[in-house]
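> Here is how the chains run, residue by residue.
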Amino acid sequence: MAARGVPAEACVGQVVLPGDVLLLPAHPDEDAERLRLGASAAPRGRLLCGPGLRRSGAGLLVTKCGLLRHRQAGGGAAAGGAFWVDSQQKRYVPVKGDHVIGIVTAKAGDVFKVDVGGSEQASLSYLAFEGATKRNRPNVQVGDLIYGQFLVANKDMEPEMVCIDSSGRASGMGVIGQDGFLFKVSLGLIRKLLAPKCEIIQELSQLYPFELVLGMNGRIWVKAKTVQQTLIIVNILEACEYMTAEQRKQALAKLSGN
Amino acid sequence: MATAEEEEDGGGGGGCCLRPFSCEQGLLSRPDGSAAFIQGDTSVLAGLYGPGEVKGSKELPDQAALEVLLRPKVGLPAVTPRLGRGGGAQREQLIRRTCEAVLLGALHPRTAVTLVLQVLSDIGSLLSCCLNAACLGLLDAGLPLASLFCGVTCALRPDGRLLLDPTARQEQEARAVLTFAIDSADGKVLAATAKGSCSAEELQQCLAAAQRAAATIFRFYRDSLRRKYSKW
Numbered sequence: 001m002a003a004r005g006v007p008a009e010a011c012v013g014q015v016v017l018p019g020d021v022l023l024l025p026a027h028p029d030e031d032a033e034r035l036r037l038g039a040s041a042a043p044r045g046r047l048l049c050g051p052g053l054r055r056s057g058a059g060l061l062v063t064k065c066g067l068l069r070h071r072q073a074g075g076g077a078a079a080g081g082a083f084w085v086d087s088q089q090k091r092y093v094p095v096k097g098d099h100v101i102g103i104v105t106a107k108a109g110d111v112f113k114v115d116v117g118g119s120e121q122a123s124l125s126y127l128a129f130e131g132a133t134k135r136n137r138p139n140v141q142v143g144d145l146i147y148g149q150f151l152v153a154n155k156d157m158e159p160e161m162v163c164i165d166s167s168g169r170a171s172g173m174g175v176i177g178q179d180g181f182l183f184k185v186s187l188g189l190i191r192k193l194l195a196p197k198c199e200i201i202q203e204l205s206q207l208y209p210f211e212l213v214l215g216m217n218g219r220i221w222v223k224a225k226t227v228q229q230t231l232i233i234v235n236i237l238e239a240c241e242y243m244t245a246e247q248r249k250q251a252l253a254k255l256s257g258n
Numbered sequence: 001m002a003t004a005e006e007e008e009d010g011g012g013g014g015g016c017c018l019r020p021f022s023c024e025q026g027l028l029s030r031p032d033g034s035a036a037f038i039q040g041d042t043s044v045l046a047g048l049y050g051p052g053e054v055k056g057s058k059e060l061p062d063q064a065a066l067e068v069l070l071r072p073k074v075g076l077p078a079v080t081p082r083l084g085r086g087g088g089a090q091r092e093q094l095i096r097r098t099c100e101a102v103l104l105g106a107l108h109p110r111t112a113v114t115l116v117l118q119v120l121s122d123i124g125s126l127l128s129c130c131l132n133a134a135c136l137g138l139l140d141a142g143l144p145l146a147s148l149f150c151g152v153t154c155a156l157r158p159d160g161r162l163l164l165d166p167t168a169r170q171e172q173e174a175r176a177v178l179t180f181a182i183d184s185a186d187g188k189v190l191a192a193t194a195k196g197s198c199s200a201e202e203l204q205q206c207l208a209a210a211q212r213a214a215a216t217i218f219r220f221y222r223d224s225l226r227r228k229y230s231k232w
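So the protein lines, in turn, are chains C and P. Its first residue numbered 1, the first sequence is counted upward by one per residue in full-length UniProt numbering. Its first residue numbered 1, the second sequence is counted upward by one per residue in full-length UniProt numbering.
It cannot be assumed that every hint is accurate.
Simulated pairs of lysine to aspartate or glutamate, EDC-like, Cα-Cα distance not exceeding 16 Å [unchecked claim]:
#1 C:K113 - P:E53
#2 C:K155 - P:E59
#3 C:K155 - P:E53
If you want the footprint, here are the derived chain P segments under chain C, 3+ residues with CB under 8 Å [as the list claims (entries may be wrong)]:
#4 52-58
#5 107-119
#6 146-159
#7 218-232
Just so you know, the hints here were simulated from the structure itself, not pulled from any lab data. The C-beta atom is built at its ideal place from N, Cα and C for all residues, glycine as well.
The shape of chain P in the complex, shown without the other chains (with noise of 0.2 Å):
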């Protein structure tokens, strides 16, 4: 279990700073891969199979098929509110493209790999943490990554100031919610969602400081598997 208090300076006035944020790897026996991610009192935990045994249809002849499943606390995956428009189906689909992007499937044709994001507590900022508890995910059953990735939810509050990483009721009385999923490697985007209106002027902001929040995040990333490999 590694934890992290979190003080990012923040540049656009206050509230820019992420919440408590904390992980642990490696705590289920079945799957090949597991970690818990939690920001706040949101926690999600994320199991992953592969490269296993693929089922017919879903078979590629190229690389791997990665599959996720995003399965709430109570309740069916599909018809869960909570989890957004249409269910949990698009932000499965925004997950998976996210992962895709950075797995290098080419190394493993013709195998399934398949995600399983459980939803513990969801207090806010939920997609952010699915994305995160994935990355480490996928780290942890060590399959082939071009780089990591983290998820930065940024919320604008009514007055327009930012607010990362925010709890439920402030994503209640936001303008606008934003979620990003930054690649390591040179803190670029790989997927942007987006609930409300802003400008574009507030987008390059809201972008800006999760860049900022992202290197927090990597910077953890990496404190906690320096963690799990010294007791290794």
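Chain C on its own, in the form it takes in the complex (with noise of 0.2 Å):
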């Protein structure tokens, strides 16, 4: 109740929880009952609502408990740019175009079932791999792992995923190799892991070599030489959730001193 109506642009950074309502600076030239919010057909310079928030009357409704965020339009306009909640969850709901690691449960005809972390079963063509043909099948078996990203995904609809990009490529996307270590963190920790420059990848790329696949669905592999490697690569990254930056340098700094 206390804060009821806070401007946006003060709760920036700050813990906002579901019932806040974020009223937003004043633009009279834009009609509010017009403006449309897709995620993809939004005109620059107009406001994005992401997740953890939808729209009210004046403002923004939280819907979600984390930390605001904002970005600044690319246009510059001022009313513009993109408000949502980063917050700090287990459970992974389907996005549209996020890249996942699932895994194959069923075979069914034309498709398999992926499990994903999701409530559904995600879809997954066997033509949806690169150079896949009718008479050219993908050598998929149940339980293997697999990297790709999600063509559809709506509340309604059963998730389906590919492994090809618009082109036709892999680009990275496919089964998933036999060895290695599969593990599951959370939602949050898979963001930051994926932010550009993160800190904690650059750091432990300079201990020695390995291979690291994250999904958006906060499942992480890893593979290195051994097994040894990459038990401490999976350590780290679960540890890392909760240690500062201070905390990681140490125990990194003892890792390669060995």
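Two chains, two separate frames, one set of hints: put the complex together.
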């Protein structure tokens, strides 16, 4: 109740709770009634309402607990940009375009069923692999790990994954190899690791070479030269969610000393 | 772990204060969200699963199916008289409807949300403690909510004085025990339940006291979540 109707700018970087109302700066030349907020069709200079926020009357209604974030629009308009709530959660909800790691659970005719950690299994066509044709089927077995992206993901329909981009190239997607280690972390940590110039990844890469796949659904697959090295990476990644930069550097220094 | 010492100024005489309360979020590793809420010596642990896969018959085409399970410390949920008449089923219903009122279930149709409330110790005001644990569990799981809610229990003593957040002994001595679920947006009542008899004026008094106490609880929610996110 105390934070009802606060200007959105004042809350950026602060914790917001469901029920809070964020007021937007007035922009008289825009008709609020006609403003349509589509993820793809938002024209430059208009406001985008990201995860955890909904439009309500004059402002934005917060629906998730977390830190309010803001990104200025490229056009430089005063009222433009995007607001969203950066929250810490464990359950994944499929979003179109997200890259995820899934586990094949069934082969049903033309499609594979893939568990991605959402409320429903995603479907993956056998033709959605690079170089796959009706005659040349990809070698995918039940239990395999798949790195792919969502082509269809909305609340009313079964999500659909593909392992090719729009030009038909794999671009890193497909079945993940035999060895390696898969584990789960919170969705907030994944977003942190996938941020450009993530310090954690940069510091780890100086330790020794390893392969790393990050799925937006909270799954991480790691493979290093030996099992021991793989597990060290896993332990660091699992622990770094609650470590400060200082603590992490100390832990890594201890490892590189060995 | 966050704690709050409470010193609510009593409008209608003495005894108008809440017992010290505290909470802890994300303490269980398996559920998608978890929270423990402790009010005095009463404590409840909430585990939240969802939005997850739904079993055939429970599936709703337009919204998430919410299920609430209230588990007593010992014995079976359905036959535990401590949980009220008809076992815990009535309380489960009340908590479910309260959660449904704030949960934006339309954003996750054809999914299941399961809330498990485990009573750890019950020394009075159990239902309000369950409601508070449920709200913090929903927040921890990151489910979309229209607003927050909290539970406040009031007891009317035989001498007509009002007591907030009573202990089990005070509940037994009381003429009437009322529990309200209050919404954070406008301080409106989402659910109310009463045991015993009271006049309409007394009901209004209890409601006003509960709404004042709710403001304190919402401040506490905000502080404990700030603390949680400051570590992140």
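> With reference to the structure, classify each hint as holding or not holding.
Evaluated hints:
{"no.": "1", "hint": "C:K113 - P:E53", "in the structure": "14 Å, holds"}
{"no.": "2", "hint": "C:K155 - P:E59", "in the structure": "14 Å, holds"}
{"no.": "3", "hint": "C:K155 - P:E53", "in the structure": "13 Å, holds"}
{"no.": "4", "hint": "52-58", "in the structure": "holds (count 3)"}
{"no.": "5", "hint": "107-119", "in the structure": "holds (count 6)"}
{"no.": "6", "hint": "146-159", "in the structure": "holds (count 3)"}
{"no.": "7", "hint": "218-232", "in the structure": "holds (count 10)"}
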